[in-house]
Amino acid sequence: MKKSYQSLEDNPNYNMKQVIYCSLTSKMSRLCLFLLLTFSTSLMAQEGDPVNGKSLFNSNCAACHKLDAPMTGPALRNVETRLSDDEGLDRVWLSSWIRNSSALVKSGDAYANKVYNEHNGTQMTPFPQLSDQDISDILAYTAAPKPEPVVVEKTAGDGQAAQQGGVSNDLILGALALLFALLAMALVIVNRTLNRFAEVKGISVVTEKEKRTPLWKAFAQNQFLVLVTTIVFLLASGYFVYGYLMQVGVDQGYEPVQPIHYSHRIHAGDNGIDCKYCHSSARVSKTSGIPSLNVCMNCHKSISEVAPETLAEGNEYGVDYNSEIQKLYEAVGWDGTGYTGESKPVKWIRIHNLPDFAYFNHSQHVSVGGIECQTCHGPVEEMEVMYQNAPLTMGWCINCHRETNVKVKDNEYYTKIHEQLSKKYGVDQLTVAQMGGLECGKCHY
Amino acid sequence: MHINMKIATKYIAVLGMLVGLVSCQNNSSRNYQYMPNMYESVGYEAYQESDAFGNGVEAQLPAEGSIPRGDFMPFEIENTNEGFLYAKENLKSPLDSTQVDYEKGGPLFAIYCGICHGNKGDGKGKLVQREKILGVPRYDDAGRAITEGGIYHTIYYGKNTMGSYANQLNEEERWQVVAYVEKLKADLEK
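These protein sequences, in sequence, are chains X and G. Every position in the first sequence, counted from 1, becomes a number in this note's numbering once 4 is added. Every position in the second sequence, counted from 1, becomes a number in this note's numbering once 452 is added.
FYI, nobody ran anything at the bench for these hints, they're computed from the structure. Owing to the predicted nature of the structure, the values given are computational and were not obtained by experimental measurement. The beta-carbon is built from N, C-alpha and C at its ideal position, and this holds for glycine as well. Mixed in with the good hints there might be a few duds.
Claimed, not checked - Examples of chain X residues toward chain G, derived with CB under 7 Å:
1. 130
2. 133
3. 260
4. 281
5. 294
6. 307
7. 349
Work out the full structure: start from the sequences and follow the hints.
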């Protein structure tokens, strides 16, 4: 393979690889080449396979090019026809640009230099491995018409489907309510008819209630019952008061509305992005940082819109994910191709917050202890809206310290003290508590 | 009949009170605190709002030219194409073979790079498979012919669509990841 590239570079006008291996006489080979070239350009322009072109485009070009919007490089929809119409440049020029643009720039080609300078001297990666067939496939893909109406219809259909689901639910509930109302009415009617029957037959409905002592009086006269009731009442209210007082200052379930609707479900769940990708400082510092917006832009530079099916999922939660991405762009000052320099901070609302008198260090738990984030933060990868999963009370901390075994393996520096401690407590596995994890000064100082 | 009505109104009242008690729990705001001055920090907490600085937040960038403690070498190659080519040719890893630790570089690679580049470096990470991010090259891509200096420059400043990872990885970690990328490249070329 390598040899053929080299030969190609030597003869930039030759387009077909097979030619190189032609063992005909030079005249014949030239004729053959001429014929092949004329055929190949006219045939291949139509022969390109847009399906293969799409996969080639996605793996080679899409890092820097979109079809309909400029990215690192220019938009490529209909690039071949645009080039030949506007600049009079043919497939040969395009191929040599794709295979080695910097050589073309250095050769002093006017349009090559123009494009190079228009994109701030960003050099396009050379693709010498792309064959003529590959290039015509890719160009066939770029020449395909824009398929926008399909996408719009699809989302509309999904929305309708979701709405229909909602309607049917409402219908069922309505029918149930109607059923209950009918039942109630039927009971009332039955009661009335029975009363009427009684009246007709001359049976008086027994109304001796006035003769009995009222219930409350009977209750008040029975001292034992009063005593028991009072005790039960006091115990019950004590229970509830205790419960109320114990939850003061506990924010379990706290679920504030954030300035940008960020779905952990999509990012950490569906896409499987590691927690530490965004919260990188949890590895190395006390605070597990809220990622700065440039971390969002690592991906969202190229993801400006969510997939149609993701958008449909958003309808279920009443969120338009695309407009949330626009909020990010506004905050970070991104106009689609570059930073405007006008950024403004996003006022995220902090959820997990320990009181000032308690010390907690993320790196100690995440890096040293090797604790999963989910142990404390719950199933974040399933949360559409982030909430506080654990109570974050002292009892909760202590409990975990009592139950969790420390990973002492391969920690040579402390091997001796670990062995002594194990002997002292007579256990195989040391818990955090046995290593001093319940000392007041560990967390309060 | 009207006695029944009285009882019914009583039940409704009790039910209403219970509903009222339950609905008092509001998850979109914080709970009460016993002694807020013991809970709330006097000093600045991370990311707190503050009037002390121009942009209204406590989190500030280090002053220009400040140098972190420890073994730090400033990175003086520029964020340009020329800088990249220079780094590709000349920049060498400060880690020698004994310091290179795939046990360190591998997990970091899995966190920060594998999601797009694939855990084998074949450009088929989860985001690529799900067609969220496209055009991620293989490490053995002939046209790119990556070198350790070029990899480091790319991690430090980003390249094309890839962003900078200088704030997520420190200098040593970056070089460990570079070493791991070179290992993956060698594995792919096998």
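How the hints compare with the structure:
Hint status for residue 130 of chain X relative to chain G: holds, with the closest Cβ pair at about 5 Å, below 7 Å. With a cut of 7 Å, the hint placing residue 133 of chain X at the interface with chain G holds, because the nearest CB-to-CB distance is about 6 Å. Interface hint status for residue 260 of chain X: upheld, as the beta-carbon distance to the closest one in chain G is roughly 5 Å, under 7 Å. Taken as an interface hint, residue 281 of chain X checks out: its beta carbon lies about 6 Å from the nearest beta carbon of chain G, inside 7 Å.
Interface restraint check: residue 294 of chain X against chain G, minimum CB-CB distance 6 Å, threshold 7 Å, status holds. Look at residue 307 of chain X: its Cβ gets to within about 6 Å of chain G, closer than 7 Å, so that hint holds up. Nearest Cβ of chain G to the Cβ of residue 349 of chain X: about 6 Å, under the 7 Å cut. The hint holds.
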